[in-house]
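Colleague: Protein chains in written order, with the working numbering: chain W, 62 to 440; chain A, 148 to 624.
Hints are computed from structural coordinates only; laboratory data are not their basis.
Careful, some of the hints might be misleading.
Derived list of chain W stretches under chain A, where covered just means 3 residues or more per stretch with a C-beta under 8 Å from a C-beta of chain A [to be verified]: (1) 77-84; (2) 201-208; (3) 216-229; (4) 336-342; (5) 407-416.
Straight line, CA to CA, 30 Å or less: simulated DSS-like cross-link-like pairs of lysine-lysine [as the list claims (entries may be wrong)]: (6) A:K452 to A:K466; (7) A:K555 to A:K186; (8) W:K139 to A:K452; (9) A:K482 to A:K466; (10) A:K315 to A:K482; (11) W:K408 to W:K358; (12) A:K601 to A:K555; (13) W:K139 to A:K315; (14) W:K422 to W:K408; (15) A:K315 to A:K479; (16) A:K601 to W:K422; (17) W:K294 to A:K315; (18) A:K479 to A:K452; (19) W:K294 to A:K452; (20) A:K479 to A:K466; (21) A:K315 to A:K466; (22) A:K186 to A:K155; (23) W:K408 to A:K601.
Bear in mind the structure is a predicted one, so any value in this text is a computation, not a measurement.
Just so it is clear, CB atoms sit at the ideal spot from N, CA and C, and this is done for glycine as well.
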Amino acid sequence: MLTPDTESALAALVAAADAPFAIEGQGTKRAMLRPVQAAATISTRNLTGITLHRPTELIISARAGTPVAEVEAMLATKGQMLIAEPPSYAGIFGAGNATIGGAVAAGISGPRRITGGAMRDHVMGVRFVNGAGEVMHSGGRVLKNVTGLDLCKLLTGSHGTLGIITEVTLKVLPRPEATATLAVNAADFATGQRVLSAGLGAPYGVSGAAIVGHRALLRIEDFAESVAYRIAKLRQDLAEHGASEIIEGEASRALWRDVAEATPLDLAPDDAVWRVSVKPSEGPRLAAALRTAFDAKLMLDWGGGLVWVAGPATEAAHRAVMAAAEDGAFLLFRAPDALRAAVPVIKPDAPALATIARRVKAALDPRGLFNPGRMQAGF
Amino acid sequence: MIALPPPKAEILAQRDAILAALRAMLPEDAVIGEPVRLKPYETDGLSAYRQVPLAVVLPRTTAEVADVLRYCNRMGIRVVPRGAGTSLSGGALPLADAVVIGLMRMNRILEVDYENRLAVVEAGVTNIGITQAVAGDGFFYAPDPSSQLACMIGGNVMMNSGGAHCLKYGVTANNLLGLTFVTIEGEVVRIGGEHLDGGGYDWLGLITGSEGQLGMVTEVTVRILRGPEGARAMLAAFDSIQVAGEAVDAIIGAGVIPVALEFMDRPCIHACEAFAHAGYPLDAEAMLIIEVEGSVAEQDALLGKIRDICARFAPLSMKVAQTPEESAAIWKGRKGAFGAVGRISPDYLCMDGTIPTGELPRVLRRIGEMSAECGLQVANVFHAGDGNLHPLIMFDANDPSSFARAEKFGADILRLCVEVGGCLTGEHGVGVEKRDLMGVQFSEAELDQQRAIKSAFDPGWLLNGAKVFPLVAGAHG
Chain W
62 MLTPDTESAL AALVAAADAP FAIEGQGTKR AMLRPVQAAA TISTRNLTGI TLHRPTELII
122 SARAGTPVAE VEAMLATKGQ MLIAEPPSYA GIFGAGNATI GGAVAAGISG PRRITGGAMR
182 DHVMGVRFVN GAGEVMHSGG RVLKNVTGLD LCKLLTGSHG TLGIITEVTL KVLPRPEATA
242 TLAVNAADFA TGQRVLSAGL GAPYGVSGAA IVGHRALLRI EDFAESVAYR IAKLRQDLAE
302 HGASEIIEGE ASRALWRDVA EATPLDLAPD DAVWRVSVKP SEGPRLAAAL RTAFDAKLML
362 DWGGGLVWVA GPATEAAHRA VMAAAEDGAF LLFRAPDALR AAVPVIKPDA PALATIARRV
422 KAALDPRGLF NPGRMQAGF
Chain A
148 MIALPPPKAE ILAQRDAILA ALRAMLPEDA VIGEPVRLKP YETDGLSAYR QVPLAVVLPR
208 TTAEVADVLR YCNRMGIRVV PRGAGTSLSG GALPLADAVV IGLMRMNRIL EVDYENRLAV
268 VEAGVTNIGI TQAVAGDGFF YAPDPSSQLA CMIGGNVMMN SGGAHCLKYG VTANNLLGLT
328 FVTIEGEVVR IGGEHLDGGG YDWLGLITGS EGQLGMVTEV TVRILRGPEG ARAMLAAFDS
388 IQVAGEAVDA IIGAGVIPVA LEFMDRPCIH ACEAFAHAGY PLDAEAMLII EVEGSVAEQD
448 ALLGKIRDIC ARFAPLSMKV AQTPEESAAI WKGRKGAFGA VGRISPDYLC MDGTIPTGEL
508 PRVLRRIGEM SAECGLQVAN VFHAGDGNLH PLIMFDANDP SSFARAEKFG ADILRLCVEV
568 GGCLTGEHGV GVEKRDLMGV QFSEAELDQQ RAIKSAFDPG WLLNGAKVFP LVAGAHG
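Please construct the entire structure, taking both the sequences and the accompanying hints into account.
Modeller: In structure tokens:
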């Protein structure tokens, strides 16, 4: 494994390369998507350090190999947080020291995504090495920037296939003073999803909306007096939907850590895991279809629109997920190598877009050096 | 003046045949070729630049847009997409050999879905039109550019437009779910959908803000949000720009993120007060407008916190609105700022750089010095929370030397923004206006990288030529 200490050393390595690489930070999400077809690995784990933190400008910059935990700890000293609350997925892929570059490259967003935005929404700047070994930057260190094509968004979630991210600049926010969760009893997903829609359609600034078991969960985060007021109003407004309780403080925070990490799926070691993103009102239909197809274990986040699915690691189960996703998008999140090498792990682009995708890949990585096969076969 | 590329002689020579072909593929009233009827399309919000196009087409459907693009691609004809033509950077400036594709007839709201908090609209629907369609049910579409009465969502997508409330709600890119996108080859592609991020490349993010360089957008699926229980504004006036900047830092440093945090300097305060009679403090060097949301009690609590913070910076005056009417009065001056400056100067250029907010005092001091050096007045109004500056440079378009000095002044301000760690444009786009400054922010290799990505979508470089990328001798553009 090659672990350059500087961006320029990394760039020189790529410029001199004559064979493809697997690209990773600490490799905590190596088992996600497809196995990479490469003999060597480049890791950004030695590109570390927070390079800029301006609390009053809501900005932090860190080299790609900086652990997410270190970034979060630095922010906490100023009462701030990463908005996308990127999960570690330690319960799915095993424990590790995930890097901030990896979290951006994988486009990882937690429950706050539903109203607070995704990781890609908070990437204000990136530096990266392209396939020619050139150091590039896009965006910057300010909150509003429309100068040139937005390669920050293109690189976020590209899983190291378009460039090797060396440094990221993220928008951050104050950590809310208080948090509370309204848990409404819901006999089934359809009922729960209606509760979530009602909560998200109320004027109280819900920042998390998930269904775990037979409870619909709605989170409020803000100053203490606002949280107290809003959670009570929400409970009153949603009273007709069923009995409810209010969960406060650390218990609420623990609940949402579990939602972020998909802990309630209660995975067996050989379960495959999928994430399907659909229109929220479609979540219950999808869930019902997969329960019928293979007795899936299920959890809904993002107002019902993010369906976490666990089940047998078989092509039949995967075909059932692809079919049930309909207009939505599926992602095979965890599976044995044989299965994830054999099937499309993400929804394929339409043919006209696939042609453009090949050209964009060639524009950034003309020699096909980066993470071949990671997102789709032969790419 | 910024140069436009020479028109392709072989295209100009085929003008009549091109018009005939367009008329054959579109309804009779959708093709404009007569010089007198082309005239209204010769410019946009950057009215110092004018160029009558070869033709204008006004399609009503995605299929018609696809037909025109397919034809233009086959013939090698340049295309300029156009929404309402409100771009302040010349994003919709025509070229002499180009067909302008105007979206104003694609103005239907196709679907409103409250359960999933989304609306599907055609690209020619106005920004305010979306909010008006859902406001009766308590919802709104968040990005609110100053031109929102006129500007169209398709243009908003192409420029990634912002507004006064992005500190809390984000810009256009943060409020989209899907697009119907037409490639230069005339292929209709669905980008995203009615769901959130699905995995795969973020085409939605790349296309948003691409200024018409990658393709055309004909339908947009936007997120709509439930409005807050209420909102209220306050004013705080200070006797120095430096101190006002420190107050902004202190507010955000205290963990308070207002929904809007706007800044005006002395010339801007005076211009707006003369225009709107909003009760602005004329003795101040700098003024903040701060808006918060929530129930009345929450508004009181937040405004109380902000008032206490501002009080530490010896404000000249503070005024907290007690009613929605008083809030509206506070906003009236700010929202009319461009018009107000227009009343005291025959012409102005509106700049749009962004800076790290900590650099504010230094940058405004330097802008003041530059103003004195070039003999042109400037009024500053901007989004203080996110550092997005809008210096309004006043000049006289009848005096060519005045315009030249104004352009140079503007370019110098933008260079300064980049020098202190900011960027050329926060929300107006590069367009024609800032094209030749791109080298200040990007290396030649970085520009080539962006050009290569454009080429992946538009191999013949037919889409919105002469914008965004500096012209390369003998090659694209």
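Colleague: Holds or violated: K601 (chain A) with K555 (chain A), Cα cutoff 30 Å?
Modeller: Holds, at roughly 29 Å.
Colleague: Sort out whether K479 (chain A) lies within 30 Å of K315 (chain A), counting only the CA atoms.
Modeller: Holds: K315 (chain A) and K479 (chain A) sit about 20 Å apart, inside 30 Å.
Colleague: Hint check: K315 (chain A) vs K482 (chain A), CA-CA at most 30 Å. Holds or violated?
Modeller: With Cα atoms ~18 Å apart, K315 (chain A) and K482 (chain A) stay inside 30 Å; holds.
Colleague: Take the C-alpha atoms of K294 (chain W) and K452 (chain A), compute the straight-line distance between them, and say whether it is at most 30 Å.
Modeller: holds, 23 Å
Colleague: Would you check the hint for K482 (chain A) and K466 (chain A), treating anything up to 30 Å between C-alpha atoms as holding?
Modeller: holds, 18 Å
Colleague: Taking 8 Å as the C-beta cutoff, is the stated coverage of the stretch 407-416 of chain W by chain A satisfied by three or more residues?
Modeller: It holds, with 6 qualifying residues against the three required.
Colleague: Regarding the pair K452 (chain A) and K466 (chain A), is the alpha-carbon distance no greater than 30 Å?
Modeller: holds, 14 Å
Colleague: Between the stretch 216-229 of chain W and chain A, are there enough contacts, at least three residues with CB-CB distance under 8 Å, for the coverage claim to hold?
Modeller: Coverage by chain A holds here, the residue count being 4 at a Cβ distance below 8 Å.
Colleague: Given as covered by chain A, does the stretch 77-84 of chain W meet the bar of three residues or more with CB within less than 8 Å?
Modeller: violated (count 0)
Colleague: Closer than 8 Å Cβ to Cβ for three or more residues is the test here. Does the stretch 201-208 of chain W pass it with chain A?
Modeller: As far as the stretch 201-208 of chain W goes, the hint holds, because 8 residues have Cβ atoms under 8 Å from chain A.
Colleague: Given the hinted pair K186 (chain A) and K155 (chain A), is their Cα-Cα distance within 30 Å?
Modeller: Within the cut-off at roughly 20 Å; holds.
Colleague: Do the alpha carbons of K139 (chain W) and K315 (chain A) lie within 30 Å of each other, as the hint requires?
Modeller: Distance ~20 Å between K139 (chain W) and K315 (chain A) Cα, so the pair holds.
The earlier numbered hint that this structure contradicts is number 1, and it is the only one.
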